[in-house]
Amino acid sequence: MPATTELSRTKERPATRAEQTRNGQVYHPNVDILELPEELLVIADVPGARRDGIDVRFENGTLTIHARIEPRQNDETAYLMREYGVGDFHRSFEVSEWIDAQRISAEIANGVLTLHLPKSEEARPRKIPVRAG
Amino acid sequence: MMLSRNTVNPIHRLRDEIDQLFSDVLPSFQTWDPFGMLPTRGFPAMNVWEDPQNIYVEAELPGLKMSDIEVLVSGDELTIKGERRDTTPESASVHRRERGMGSFARTIHLAVPIEHDKVAAELRDGVLSVTVPKAEAVRPRKIEVRMLEK
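Heads up: the protein sequence lines correspond to chains F and H, in order. Take 7 as the starting number for the first sequence in our numbering and just add one per residue. Take 2 as the starting number for the second sequence in our numbering and just add one per residue.
Note that these hints are calculated values from the structure, not bench results. Some hints here could point you the wrong way.
Unchecked claim - Partial list, computed: chain H residues near chain F (C-beta under 7 Å):
1) ALA46
2) GLY64
3) SER68
4) GLU71
5) ARG86
6) VAL95
7) ARG97
8) GLY127
Ideal placement from N, C-alpha and C gives every residue a C-beta, glycine not left out.
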């Protein structure tokens, strides 16, 4: 079975609009999803986020990332050019049950959040010993 | 297109879906550009604002260190250039790739004379903030009005 078939089940949930923060807007972070032999990596760009503003949850097979972003400008800011909005990041994914949910870990550096989703024992590649007949 | 963000705002979502539609129907527009002729959205996206003393330029550059970034001023132009390296391990298979990688450079005109040697840049949590002091000549100055004594 090719390694990618598993991830066809790591599909994104439709964006929920439930999250309304004081900043008003909530943004989808761009993500990379990589598969390594032992784990999946979900890497999300969350510029402006600090460690204490990150909330990662895994419930009922859904991985949810929320990054709180403090406003960096106020309402009176005299913009000359405004190409992006600043607000919280939020995104959810449905994750295959072949993940060891207990061992999910997260780290953040320079505005990039990396989630490690270790594969459960059954999903790891295994070398099958071949015996002489 | 690097690092574009998909907003949850319905209008933006619509636009994103239209973008998606086009890239699905016309993949060649996204990929086949051997001479770099197609207009591209500027990267990084910038927010620029001002107060009487300074112009402030902010760009989101997640994953970069200050050593990956150059901020240059020349005349009334400000250039931000740098590179985000691809750190994908060789053994990884990629299931989704939305985060852009590679070199970028973008120049904007500030349209006012600036103090070149007092430009300051700071990178924090993936957000680059550049403070560009306006030249003395264009700053508003409070003129003290004195009563002439007879």
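Going down the list of hints, with the structure as the test:
no., hint, in the structure
1, ALA46, "4 Å, holds"
2, GLY64, "4 Å, holds"
3, SER68, "12 Å, violated"
4, GLU71, "17 Å, violated"
5, ARG86, "12 Å, violated"
6, VAL95, "6 Å, holds"
7, ARG97, "4 Å, holds"
8, GLY127, "2 Å, holds"
Of the numbered hints stated above, those contradicted by the structure are hints 3, 4 and 5, listed in ascending order.
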